[in-house]
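Peer 1: What follows is the residue order along each chain.
Number of protein chains: 2
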Amino acid sequence: MKFNIKSERLWNDMMEFGQIGRGEDGGVTRTSFDEADMEARGLFLKLLEKSGLNPGMDAAGNIFGEITGEDPELPVLLIGSHLDTVRSGGRFDGATGVLMAVEVLRTMQENGIKPARTVKIVSFTDEEGARFDYAFVGSMAATGSVAADELQRQLAAAMDGDGISYAEAMRNASHKGGHFSRINPDSLEQAQIDKAKIKAYLEVHIEQGKVLENKNLGVGIVSGITGGEWSDVTISGEAGHAGTIGMTERRDALTAAGECLLAIESIAKNSGGSVATVGKLEVKPGSSNVIPGRVDFTLDIRDISDERRNQTSIQIYDAIRDIVAGRGLTCEVTPVQSLSSMISSAMVTEAMKAAFQEVDYPTYSLPSGAAHDAMVMGNVCEVGMLFVRSKDGISHHPAEWSSQEDVALGCEILYRTVAGLL
Amino acid sequence: MKFNIKSERLWNDMMEFGQIGRGEDGGVTRTSFDEADMEARGLFLKLLEKSGLNPGMDAAGNIFGEITGEDPELPVLLIGSHLDTVRSGGRFDGATGVLMAVEVLRTMQENGIKPARTVKIVSFTDEEGARFDYAFVGSMAATGSVAADELQRQLAAAMDGDGISYAEAMRNASHKGGHFSRINPDSLEQAQIDKAKIKAYLEVHIEQGKVLENKNLGVGIVSGITGGEWSDVTISGEAGHAGTIGMTERRDALTAAGECLLAIESIAKNSGGSVATVGKLEVKPGSSNVIPGRVDFTLDIRDISDERRNQTSIQIYDAIRDIVAGRGLTCEVTPVQSLSSMISSAMVTEAMKAAFQEVDYPTYSLPSGAAHDAMVMGNVCEVGMLFVRSKDGISHHPAEWSSQEDVALGCEILYRTVAGLL
Numbered sequence: 019m020k021f022n023i024k025s026e027r028l029w030n031d032m033m034e035f036g037q038i039g040r041g042e043d044g045g046v047t048r049t050s051f052d053e054a055d056m057e058a059r060g061l062f063l064k065l066l067e068k069s070g071l072n073p074g075m076d077a078a079g080n081i082f083g084e085i086t087g088e089d090p091e092l093p094v095l096l097i098g099s100h101l102d103t104v105r106s107g108g109r110f111d112g113a114t115g116v117l118m119a120v121e122v123l124r125t126m127q128e129n130g131i132k133p134a135r136t137v138k139i140v141s142f143t144d145e146e147g148a149r150f151d152y153a154f155v156g157s158m159a160a161t162g163s164v165a166a167d168e169l170q171r172q173l174a175a176a177m178d179g180d181g182i183s184y185a186e187a188m189r190n191a192s193h194k195g196g197h198f199s200r201i202n203p204d205s206l207e208q209a210q211i212d213k214a215k216i217k218a219y220l221e222v223h224i225e226q227g228k229v230l231e232n233k234n235l236g237v238g239i240v241s242g243i244t245g246g247e248w249s250d251v252t253i254s255g256e257a258g259h260a261g262t263i264g265m266t267e268r269r270d271a272l273t274a275a276g277e278c279l280l281a282i283e284s285i286a287k288n289s290g291g292s293v294a295t296v297g298k299l300e301v302k303p304g305s306s307n308v309i310p311g312r313v314d315f316t317l318d319i320r321d322i323s324d325e326r327r328n329q330t331s332i333q334i335y336d337a338i339r340d341i342v343a344g345r346g347l348t349c350e351v352t353p354v355q356s357l358s359s360m361i362s363s364a365m366v367t368e369a370m371k372a373a374f375q376e377v378d379y380p381t382y383s384l385p386s387g388a389a390h391d392a393m394v395m396g397n398v399c400e401v402g403m404l405f406v407r408s409k410d411g412i413s414h415h416p417a418e419w420s421s422q423e424d425v426a427l428g429c430e431i432l433y434r435t436v437a438g439l440l
Numbered sequence: 019m020k021f022n023i024k025s026e027r028l029w030n031d032m033m034e035f036g037q038i039g040r041g042e043d044g045g046v047t048r049t050s051f052d053e054a055d056m057e058a059r060g061l062f063l064k065l066l067e068k069s070g071l072n073p074g075m076d077a078a079g080n081i082f083g084e085i086t087g088e089d090p091e092l093p094v095l096l097i098g099s100h101l102d103t104v105r106s107g108g109r110f111d112g113a114t115g116v117l118m119a120v121e122v123l124r125t126m127q128e129n130g131i132k133p134a135r136t137v138k139i140v141s142f143t144d145e146e147g148a149r150f151d152y153a154f155v156g157s158m159a160a161t162g163s164v165a166a167d168e169l170q171r172q173l174a175a176a177m178d179g180d181g182i183s184y185a186e187a188m189r190n191a192s193h194k195g196g197h198f199s200r201i202n203p204d205s206l207e208q209a210q211i212d213k214a215k216i217k218a219y220l221e222v223h224i225e226q227g228k229v230l231e232n233k234n235l236g237v238g239i240v241s242g243i244t245g246g247e248w249s250d251v252t253i254s255g256e257a258g259h260a261g262t263i264g265m266t267e268r269r270d271a272l273t274a275a276g277e278c279l280l281a282i283e284s285i286a287k288n289s290g291g292s293v294a295t296v297g298k299l300e301v302k303p304g305s306s307n308v309i310p311g312r313v314d315f316t317l318d319i320r321d322i323s324d325e326r327r328n329q330t331s332i333q334i335y336d337a338i339r340d341i342v343a344g345r346g347l348t349c350e351v352t353p354v355q356s357l358s359s360m361i362s363s364a365m366v367t368e369a370m371k372a373a374f375q376e377v378d379y380p381t382y383s384l385p386s387g388a389a390h391d392a393m394v395m396g397n398v399c400e401v402g403m404l405f406v407r408s409k410d411g412i413s414h415h416p417a418e419w420s421s422q423e424d425v426a427l428g429c430e431i432l433y434r435t436v437a438g439l440l
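From first to last, the protein sequence lines stand for chains A and B.
Going letter by letter, the first sequence gives residues 19 to 440 in our numbering.
Going letter by letter, the second sequence gives residues 19 to 440 in our numbering.
It is possible that part of the hints are untrue.
Which copy? The list can't say, so a pair holds if one copy fits it or any two copies do.
Using 20 Å as the maximum straight-line C-alpha spacing, the simulated EDC-like pairs for lysine to aspartate or glutamate come out as follows [what the hints assert, rightly or not]:
| no. | residue 1 | residue 2 |
| --- | --- | --- |
| 1 | K302 | D178 |
| 2 | K24 | D314 |
| 3 | K409 | E256 |
| 4 | K217 | E256 |
| 5 | K64 | D180 |
| 6 | K132 | D378 |
| 7 | K194 | E267 |
| 8 | K287 | E376 |
| 9 | K228 | E256 |
| 10 | K24 | D340 |
| 11 | K24 | D212 |
| 12 | K24 | E325 |
| 13 | K68 | E207 |
| 14 | K302 | D250 |
| 15 | K217 | D167 |
| 16 | K132 | D180 |
| 17 | K371 | D212 |
| 18 | K228 | E267 |
| 19 | K409 | E267 |
| 20 | K302 | D314 |
| 21 | K371 | E256 |
| 22 | K302 | E350 |
| 23 | K371 | E400 |
| 24 | K132 | E207 |
| 25 | K217 | E57 |
| 26 | K371 | D178 |
| 27 | K287 | E350 |
| 28 | K228 | E42 |
| 29 | K287 | E267 |
Hints are computed from structural coordinates only; laboratory data are not their basis.
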């Protein structure tokens, strides 16, 4: 089977972007508007320019490229993902989907395809939320899933570890000039896309799990995405000297957090499908000889069933409050974000299945446990996703890997899916 | 009762030093050889100079002042404590004892006392271990409690949060010139004091507990100090995506740490006297949507009975290993330090009791749950300590407080104790 897309060219782009923000451990760290993220954005704008794909940016920092359709009034086909990463993450999560979109449009140009509708690439700002613990900023701004004025308030309040607010980081980025001067945390309504003008959103992403590997398949169709709920928990006790305060007189915020960690794990295990994760936890004051007076941690709860997730969340919050009160401490739970589950578009799925048949590859559908920009886009338009096999299911880790062969197959299927939706 | 020492002068010194390294929350942060610690050292050298107390420094950065005795061959009387603090600690822990020593020697000069033996002030380097998680560096170097070459190795290996080694920080400090040029992490044997040349070591410290407050007493005699054992624990699991890996497939280092926290608490509670604290805990990679792959935490175990502490430690280490192995993870426990309990000197205690009688104040003895430089000094000489009442028993905290009246009483008793030992 002769592919339309050029596997080598796509792979070289991926490896080039994979060098940006790469640390000693081989992990890639590109968190929103940090130095590496800015470098990746700059390189991506150049790539779009070089490919004749008319680069642009919106107020939220989302980057676009496009082949303008013969009839610009027809609803556009949007293809994309994100270029940001978690701390010390991999080279494939996000960048794969963005660079495949570029490869698909380049191939369309080379094949002389002049589409009726505009085909647009998007690289969304901050899918991961690694720097400010606030994720999906670009897709939320584009869809208006969080109202622009509310999002503006949230971005003014969200802080990174150095006390820099999200809004401040965006303003700093805007000072870079050129396309970046469009970034404006106070005018996020400008980033909102008119729903009526989108035909569908397509995203290719690495699986970040072992389902495709276990099935011995390189690419699969995503049937839907599990919803999630994110919150911040603060437990306040009393700091004190580690040598002079007896075990029964302590109000240790960390041992209380320890009990919460076990309750969270146990409730999720017994929920019948929810997963719950504490990924970040900070102890204050944080000296070896001081009883911790305060602990802050993040809570990430996900489930394909919104109803069951809701039940799990309530149980977990109740358990935290009971544990903390039982120890004579206090706690505060601050909701950060919540996203409903997304069911994939039948129209897009049919186009994908046709593409699988064209390349003579077995179709296989699987749900996504990870949230993606596609989930947010699902609030306003038809959405479809493809997954590419991840070696050992490892993701958000330097060892994250997908083979060049699987990436090429995924991109060719994307190309043919797009062709079927023009 | 007319006091010899000048309460106002001492209090002003204490408040002046309390401004150095003071943060927005009112807490004082002077960790070894950081900017604030260097400023405090500079000010202390000036104070000794101004008071005619012949300032000096040794290879470990310990600062000395003295009134030279009529017979310099007689064993010296050493009085001191430390000027470093925990992060966001108080103004009294450490500085009180050092500045009282200055006040006592100034008063001796004013009263025309020319002692037969040399009376020496010492401000020990790094009692708290807040920056490098390695405490009692100055007193260990001075006593040779850890051999100079071994200590040199430890200081080369101990790192702060920015990856600067203890030895490097000392070398940087030595570049400040003057007395600082004596600092040398590679010649710590030069800091060792000849045991035969010390008559006794006296230290006044705030209590950091509520015993004196509950007894309605301003000052008490320390009967002994509980020993302690400090170690670092690393739990290694596997990082992974918070949405795609099921609860039963995870190797979450943080939930394992949570189980360890509860086991540590429970073992200490049931030990009959030991206290155990995890004061510092770090999660890696530390993103809200990534399952923690690694957790590092400190462990601080103390007991007045060395034997019982040993049993507690063994139980805790066994429990950690069992928990971690039961979850299919691995762990590493690295011993950092251990100090035996210290029983106060009968000779010094008798001199203290006489001083209490002179000022017509009831004598009361209590053990110290906190470790102090006096514990390390106990390895080589007779040691005695006085405690000054702490408001609400609060310590290692911005709210740490002792009244000017109690401080004056403690200093006068110290003055009279010293007079009795000349």
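Peer 1: Are the hints correct? Go through all of them and say.
Peer 2: Structure-based check of each hint:
1. K302 / D178: both (17 Å within a copy, 17 Å between copies)
2. K24 / D314: neither (48 Å within a copy, 46 Å between copies)
3. K409 / E256: Between. Shortest inter-copy distance 15 Å satisfies the 20 Å Cα cut-off; intra-copy 46 Å does not.
4. K217 / E256: neither (56 Å within a copy, 40 Å between copies)
5. K64 / D180: neither (30 Å within a copy, 36 Å between copies)
6. K132 / D378: neither (26 Å within a copy, 102 Å between copies)
7. K194 / E267: neither (55 Å within a copy, 44 Å between copies)
8. K287 / E376: neither (42 Å within a copy, 68 Å between copies)
9. K228 / E256: So K228 and E256 pass the 20 Å test across copies only (15 Å; inside, 44 Å).
10. K24 / D340: Neither. Shortest intra-copy (58 Å) and inter-copy (53 Å) distances fail the 20 Å Cα cut-off.
11. K24 / D212: This pair counts as neither: shortest intra-copy Cα distance 33 Å, inter-copy 78 Å.
12. K24 / E325: The answer is neither: 44 Å in one copy and 71 Å across copies each exceed 20 Å.
13. K68 / E207: The answer is neither: 30 Å in one copy and 66 Å across copies each exceed 20 Å.
14. K302 / D250: both (15 Å within a copy, 18 Å between copies)
15. K217 / D167: neither (26 Å within a copy, 73 Å between copies)
16. K132 / D180: neither (48 Å within a copy, 55 Å between copies)
17. K371 / D212: neither (28 Å within a copy, 85 Å between copies)
18. K228 / E267: Between. Shortest inter-copy distance 11 Å satisfies the 20 Å Cα cut-off; intra-copy 48 Å does not.
19. K409 / E267: Answer is between; shortest inter-copy Cα gap is 16 Å, intra-copy 50 Å.
20. K302 / D314: Both. Shortest intra-copy (8 Å) and inter-copy (15 Å) distances satisfy the 20 Å Cα cut-off.
21. K371 / E256: neither (59 Å within a copy, 35 Å between copies)
22. K302 / E350: within (16 Å within a copy, 24 Å between copies)
23. K371 / E400: Close inside one copy (16 Å), not across copies (86 Å); limit 20 Å.
24. K132 / E207: neither (31 Å within a copy, 82 Å between copies)
25. K217 / E57: neither (31 Å within a copy, 66 Å between copies)
26. K371 / D178: Answer is neither; intra-copy 42 Å and inter-copy 56 Å both fail.
27. K287 / E350: Neither: 24 Å inside a chain and 27 Å across chains, both beyond 20 Å.
28. K228 / E42: Classified as neither; 27 Å inside a copy, 49 Å across copies.
29. K287 / E267: Between copies, since 11 Å is at most 20 Å while 33 Å is not.
The earlier numbered hints that this structure contradicts are 2, 4, 5, 6, 7, 8, 10, 11, 12, 13, 15, 16, 17, 21, 24, 25, 26, 27, 28.
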